[in-house]
Structure formats: C-alpha cells, structure tokens
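Novice: In order, the protein sequences belong to chains A and B.
Residue numbering for the first sequence follows our numbering, starting at 403 and increasing by one per position.
Residue numbering for the second sequence follows our numbering, starting at 5 and increasing by one per position.
No lab work stands behind these hints, which were simulated from the structure alone.
Careful: at least some of the hints might be erroneous.
[Claimed, not checked] Partial pick of chain B residues on the chain A-facing surface, computed with a CB cut under 8 Å: (1) E274; (2) F276; (3) L541; (4) F543.
[What the hints assert, rightly or not] Computed, partial: chain A to chain B, Cβ under 7 Å: (5) T445; (6) A453; (7) M460.
[To be verified] Here are the simulated lysine to any residue pairs, SDA-like style, with alpha carbons at most 25 Å apart: (8) A:K429 <-> B:K342; (9) B:K808 <-> A:M403; (10) B:K748 <-> A:S432; (11) B:K748 <-> B:A726; (12) B:K76 <-> B:D54; (13) A:K429 <-> B:D820; (14) B:K454 <-> B:D820; (15) B:K410 <-> B:T108; (16) B:K521 <-> A:S432; (17) B:K410 <-> A:A433; (18) A:K429 <-> B:P58; (19) B:K323 <-> B:G470; (20) B:K342 <-> B:P58.
For every residue, glycine included, the Cβ atom is placed at its ideal position computed from N, Cα and C.
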Amino acid sequence: MGFILTTLHFFVIGIIASFCTRICCNKGPSANLFHFTLVITATVCCWMMWAIVYLAQMNPLIVPILSEGE
Amino acid sequence: MEVLKNLPEMDLMRSEKMTSVQLIIPVESAHRAVSYLGELGLLQFRDLNDDKSPFQRTFVNQVKRCAEMSRKLRFFKDQINKAGLLSSALPTMQPDIDLEALETQLAEHEHELIEMNANSEKLQQTYNEFLEFKMVLQKAGVFLVSGNKSYETTEGIELDDNVYPSDYPESASLLEQATHSGPSNPSGLRFICGIIPKSKILLFERMLFRATRGNLLFNQAPADDLIMDAVSSEMVEKTVFVVFFSGEQARTKILKICEAFGANCYPVPEDFTKQTQITQEVLSRLSELETTLDVGIRHRNAALHTIGFHLTIWMTMVKREKAVFDTLNMLNFDVTKKCLVGEGWCPIFAKPQIQEALQRATFDSNSQVGIIFHVMDAVESPPTYFRTNAFTNAYQEIVDAYGVAKYQEANPAVYTVITFPFLFAVMFGDWGHGICLLIGALILIAREGKLSSQKLGSFMEMLFGGRYVLLLMSLFSIYCGLIYNEFFSVPYHIFGASAYKCRDKSCSDAYTVGLIKYRDAYPFGVDPSWRGSRSELPFLNSLKMKMSILFGVAQMNLGIMISYLNSIFFNNSLDIRYQFVPQMIFLNSLFGYLSLLIIIKWCTGSQADLYHVMIYMFLSPFDDLGENELFWGQRPLQILLLLSALVAVPWMLFPKPFILRKQHTERFQGRAYGILRSTEMDTDSEPGSARQHVEEFNFSEVFVHQMIHSIEFVLGSVSNTASYLRLWALSLAHSELSTVFYEKVLLLAWGYENILIRLVGLAVFAFATAFILLMMETLSAFLHALRLHWVEFQNKFYGGDGYKFKPFSFAAIADDED
C-alpha cells in the first residue's frame, strides 16, 4: 500500500513539475517537448531509485545486528 | 508505426537541417560580403583551393601584409608588457579605419619605437661602463695609493701617470683607452685595473698567474653594489681587481686574458688628486646619463601609452581582416575573372539572414550586380550543428568529446542531461557532500557575468564551463544522499521512526540475533538502523548490486530504443527487423529476466539464490528448480527465454548481409526499381538517379562487419551489465571513506576533553572531506559516470562519426585567439 501511494506521489509531482516548466519557460513546441523529456526522465530516475530501495526493504532476509560498543 | 514516423520534433534531438549552397560574388563586393558573413557566423565555407599551397592562392599578399601587421602589434604588446604599463583601452569604438592607413601608422610607430629602444640601449651601455669605472676608481684607488707609496720609497721609478687621457671622447670605449694608454717606458712595474664578475675571479687569477709565470701581484676587492652585466643582462656581483706586472709581453697576455674572461679594464691614474678629479668627472657624467635615460624612458612610455589605447581594437581589426582574406582565398575566380565563386554549408533556418546580409553588402559597396546565393547538391554528408544554450552546451561538449554525431542521428545529450548527473549521484550519494557541491555550483552561477569575461586558468575554466552540470550533480546527490540516509555518513530519522526494534525490553539479543522488523518498510530511503550494525554491509551490498543491475538494464534498453528511433527516422526497416528486434529479445530474455527475478524476490521475500537460478538456467534448464522456485511456471518460462536468446543470435548475424547483397544486385541491375521497399541510403542525400556511383559490394566485408557487430553485442551484453556494478563499487567506497573520516577522525578527536585536540581533529576532518571526498571522489565518480555513458549507453545506438559545423565567424576567431 505504501508503495503504490508513494508511486502516485511521484507521478503527481512529475505532472506538477511539467506544468511548472511549461509555465515558466514556454519557448515553442520543440523546446517544450525537450523540457518535458528532461522532467520525465528526472522523475523516472528518482522514482526508480526510491522504488528499488523501498522494495529491497519490504521483505528483508536479514535484520540489523548491533555491533558492540554502540 | 505511423505515429512514430510523425513524432513531433524535439529541440536537441537531431542536428539542424543543413543545406549546401553556392555563392557567386562580384569582386567589388567580395570583401564586404565576407565581412558581413563573418559577423553573422552561420556559413561554413568549403575550401575550393585545397590542393594549392598557401603561396599559390589569390590573396596571398594581403594575408602577408596582415601577418606583418599582427607581428608589429605583437611587438608593441611585448614592449608594453616589458615596460610594465597597464593596457587601457579607449572605451569608444573608432570608426572604420582603412587598412592601408593602419599599415602606415603601424610602420611609423614601430620605427619610432625601435629607434627609441636602440638609443636607450646605447645610453644604458655607456651608463653601465661609467658605473663600473666609478667602482674601479673607488676600490683600485686604495691599492694604488698604497702601492704608489711603497714604490716611491723603494726605487723611485716613476709609474706612469699618463694612463688616462685628459678627456673622454664618448664614442671610444674605455677599454680601447686602456689598451692604448700603455706606458711609454717599456720597463718598470705597471698595472691594469678592471672589474670582472665574481664567479670568474678565481679562474681569472689562476690564469693570470700561469700566463705570467707568477710574476704578478693580484689584488681584488668586491664591488659594493650589483651591476648589470652586459652579456647576461642581469644584475651580478662584480669584483674590482688590480694586476701589477712588468714587461710588454706580460701586458699583452694579461689584456688578452681580460678580454677572454669578459673583464672590463679601466684606466685609473695613480696620482691621488688625479683620481679624485676623474672620480668627480665620472660622477657628473653618471648623473647626466641618468637624467637622459629617464627622459628617454618617459618619452618611450608616453608613446607606448598612446599605442596601448588602440592596441586591442587594432588587433581585433587585423585578426578579422586576416580571417576575411583567408576565407577569400578559399573561393575561386570564375571564367570571366569578375566574380568569385564559393561553396559552403549553412543551416536552413539561417538562409534568410544570410540573404539579407549579402543584400546589405551589395548595397554598401555600391555594386551594380547582386550576389547570387542558391542551393546546390553535395556529395558528402553535411556537418552536424546543434543549437545549444548555456545550459545544454556543457552536456553537448561531453557527448562530442567522444564523437560528434552523424548528420541527423539521435543525440544522446538529450538523455545525458539527466542520466549523467543521476548516475554520478548514485555513486556519490551523501546529502552533506551534496550540499557542499551545491554551494560551489551556486557560487559559480551567481558570478557568471564576472567570471565569463575574465581569463581563467585551465582548471577553473573547465569548472566554470561545467557549472550547470555541477548544479544538477549536486541536486541529485542531495536526493541520493537522502535515499542512502547519509549526512557525512551519519543517518538521521528524517522520515519517521525506524522499522526495526529490539525483540524485548532488555535488548539482550540485539547483539547476537538482531532486531526485528515490526512495521512497514521505512517510507523513504534506507532505514537508519542499518548504519553501524554488523550486518550493514551484507544488506547494503546486496541492495546496491541489484540496484546497479536494474539501472544498467534500464539504460541499455533505453539505448536500444533510441536505435529503433534512428531506424525509423532513416527509413531503415532492415535494421528494425534484423537488428533491433533480436537485440531486444536477447538482452531482455537474459538480463531483463534477471531484473524481473530481482524484483520478484524482493516482493515475495523468497530465499531463492539468484546466482544459482541464472546458472542452472543455462546448465540444466530442464531440471526441477526446488527451492529456487520464485513463481509458478518459472521452469517453462526459463526454457522459453533461453530458446529465444539462442534464436536471436543467428537472427542478428545472418539475414542482414544476404539481404543487403540481394538489394544491391537488384538495384544495380536495373530491375525491380518499384519493388525496392527500403533503401540503405540516407533520405537526405541527393536523388540516386542523378549521380549514380556504382559501389562495389564486398560481401565478405559486410558479413564480417555484421559478425563483429553481433559478437560485440552478445558478449557486450554480459560485460556491460557487469560494468554497471561500478555504481555499487564507487558508492561503497564513498560511504566507507566517509565513515572512516567521521568515526576515526572526528569522533576520536571529539572524545578528548582538550579543546586543542578537538580543533585539530575538526581541521583534519575538514581537509580530508574537502580534498579526498569532495575533490577526488567527485572526479572519480564523474569519470565513471562518463564512461558508463560513452561506452555502455552509446554503443547501443550511437554512430558518432560526423564532423562539427564550423562557420566562418568573427566571434569564434576572437575566442580562438584568447
């Protein structure tokens, strides 16, 4: 559940960022497409990073064993 | 398919459409036209006189004159620098100066300067000689007085006192005086006074002893001040010497030795009163010379100052003129000798601007005939031109450093803008270090205006050029640092409490069995409980290795997709069917499947060993999976994928060469023009029927090429996927270094109560962080991220064998020279 919710958050943030970029610098269709590509690439990269780390911790096979002297 | 054919255009994706043009310029407007085109900077001239040597070209004389003028200007600049004047340019732009007038002006200035310099030199030389004479008089006078006294008492032989002439004609060197002023009396004790650099005095003395067989008396005293040595023109220490000897032969020998050693001899009278008289005269001459020299230098500096006002403007003008003539040399005269014909490349969007500039040139030079400018067909492929702004320029240069894109192929820079800083951040992830990088990047961007006009050192220039890259790198580093939960290697509970807790209240087995997971996974990033635990490395290593594989497979798939876009753009369905499809199948049935297994294992928490799964998939695909079963239907799926991969290899190897051969025979046998569905030619080269070059189709060459390509892909898929593991390796190294510096330097020093130790520890921590982690690790991660892009990403689709568009532009010349 947490996974899907946060994925949705990333998706919404991506949409909002694309809108902001379109509003801030609207320089013709080809430039807009380029900016859109950049924003989507960044969103996808960030989401992948978060998703990988989240999935890896969902069902871990080992647990933290504290070391002495902590 | 149709949708993909009509994809909307994206800004940096493909290079600008270029066209080959021909210009026919009448001679009277040629110079002006080329100047205006240089100001515009959008036309690349082709050198039509490539085979001619520089001396055979038309405008060689003008080029020589420009070179001569720039030599003069460089001479002026040297002189100004030597004189230590600051060059100040007049802020107002001068009206267009005629080149001829400038030439004569420069010649005049040069002549004047050379004359002034020569006079100064001579005066300076005379001044030095008088200075040396003064020192010799000072020091040698002491010896002679004592010697004089002793000789007068013993033998009464008169020592010649007409050693000096009564006045000093300026033209004759004093050395000549010394040689002429020999005593009239051949016998008797004589002396020679002089001055020699201190470094040579010992050898000199020894030589004199040997030459005169010991029959001499040698006295020396060091001079008080440093003197300018004429030979080496630097200030050296000199020693005054007096040599007493007897006999004419000894005198000639001594004089020759003096000359050989570069010792200057000066006539010093023995008589004390005469000495003082001469000293007075020398001192007065010295002060005269000083004032004369001063006046001379001031005069010269004034001249240099006036030149310095115009120097930059003149230099730019001469550079431009030389560039214009060099370009004019690339054009050809036509048959009537009244027009110059030129060819070149220009972007299609620039055609109106170029036409307008040419019209202006025609009007300004009062020419009756207009300049003809029309499109022409070209055989070679056009140059590559990307219109970049300050932000994308750095990324385009990064991509171009590996290879300039072929005309209109997909530009990897579009994705590199984001993925390059991102992969850097995966290897650098620490939000404390990221903030430091961000501060640096923001400083560079804030002082953009000031720094861009300054001349920076090569390291600072690279750093400044990449300021936007640095900005993105730092932003992504902060993000990845938050995900890895490392702030100078310290984790924080920013996103809530940890998901792990002790099993019971006493935490007795926390050190043996460990904590227990009682909640959902930590919502954002790595759980802070992992840091410092004994099982931290096994967990993080497994996480980061799998993460690297996932990123690698994703980026390589993106690369193959871009090659698909290229095939669509160039209408190359052969490539789509026999290259793109088998490549996708091969890569994804093996490494895409691995990625899938990784994700399933994470989601289900299965204990299956993925190494064994992959290995047994190849070694014994039909065996029972046992505890390595992750999902239902895994065994048949694995068999299917293995078969697909095995089929894909000959699919990408064999069909394409045979089909190419068939196409070639069909095309050039004149049959089946209508049946040809796909061609291998670019869509924007000339229509085939006009210039048909019958190429030899070397089947073995094509086959070997295809085989190399396939083997490279197949083996490369394994090696490239493994290469992405450097993401894990560097991130581990960064984390460990950071931990070591934090725990073993800062915490250790902080444990002591002494404030001095704490300060020292803080300083060492700061230095280590700045130099090792921020500089070295940044460069290292930068390099590895670059390699991942250049090799693993780009070899899936990039040709990179184009050439860059280099228009004739005055702005570019100014940049070049600086």
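Novice: So, for every hint listed, does it hold in this structure?
Specialist: Results of checking the hints against the structure:
{"no.": "1", "hint": "E274", "verdict": "violated, 93 Å"}
{"no.": "2", "hint": "F276", "verdict": "violated, 92 Å"}
{"no.": "3", "hint": "L541", "verdict": "violated, 11 Å"}
{"no.": "4", "hint": "F543", "verdict": "holds, 6 Å"}
{"no.": "5", "hint": "T445", "verdict": "violated, 9 Å"}
{"no.": "6", "hint": "A453", "verdict": "violated, 9 Å"}
{"no.": "7", "hint": "M460", "verdict": "holds, 5 Å"}
{"no.": "8", "hint": "A:K429 <-> B:K342", "verdict": "violated, 46 Å"}
{"no.": "9", "hint": "B:K808 <-> A:M403", "verdict": "violated, 52 Å"}
{"no.": "10", "hint": "B:K748 <-> A:S432", "verdict": "violated, 53 Å"}
{"no.": "11", "hint": "B:K748 <-> B:A726", "verdict": "violated, 33 Å"}
{"no.": "12", "hint": "B:K76 <-> B:D54", "verdict": "violated, 29 Å"}
{"no.": "13", "hint": "A:K429 <-> B:D820", "verdict": "violated, 31 Å"}
{"no.": "14", "hint": "B:K454 <-> B:D820", "verdict": "holds, 20 Å"}
{"no.": "15", "hint": "B:K410 <-> B:T108", "verdict": "violated, 48 Å"}
{"no.": "16", "hint": "B:K521 <-> A:S432", "verdict": "violated, 50 Å"}
{"no.": "17", "hint": "B:K410 <-> A:A433", "verdict": "holds, 22 Å"}
{"no.": "18", "hint": "A:K429 <-> B:P58", "verdict": "violated, 46 Å"}
{"no.": "19", "hint": "B:K323 <-> B:G470", "verdict": "violated, 29 Å"}
{"no.": "20", "hint": "B:K342 <-> B:P58", "verdict": "holds, 22 Å"}
Hints 1, 2, 3, 5, 6, 8, 9, 10, 11, 12, 13, 15, 16, 18, 19 from the list above are not met by this structure, while the remaining hints are.
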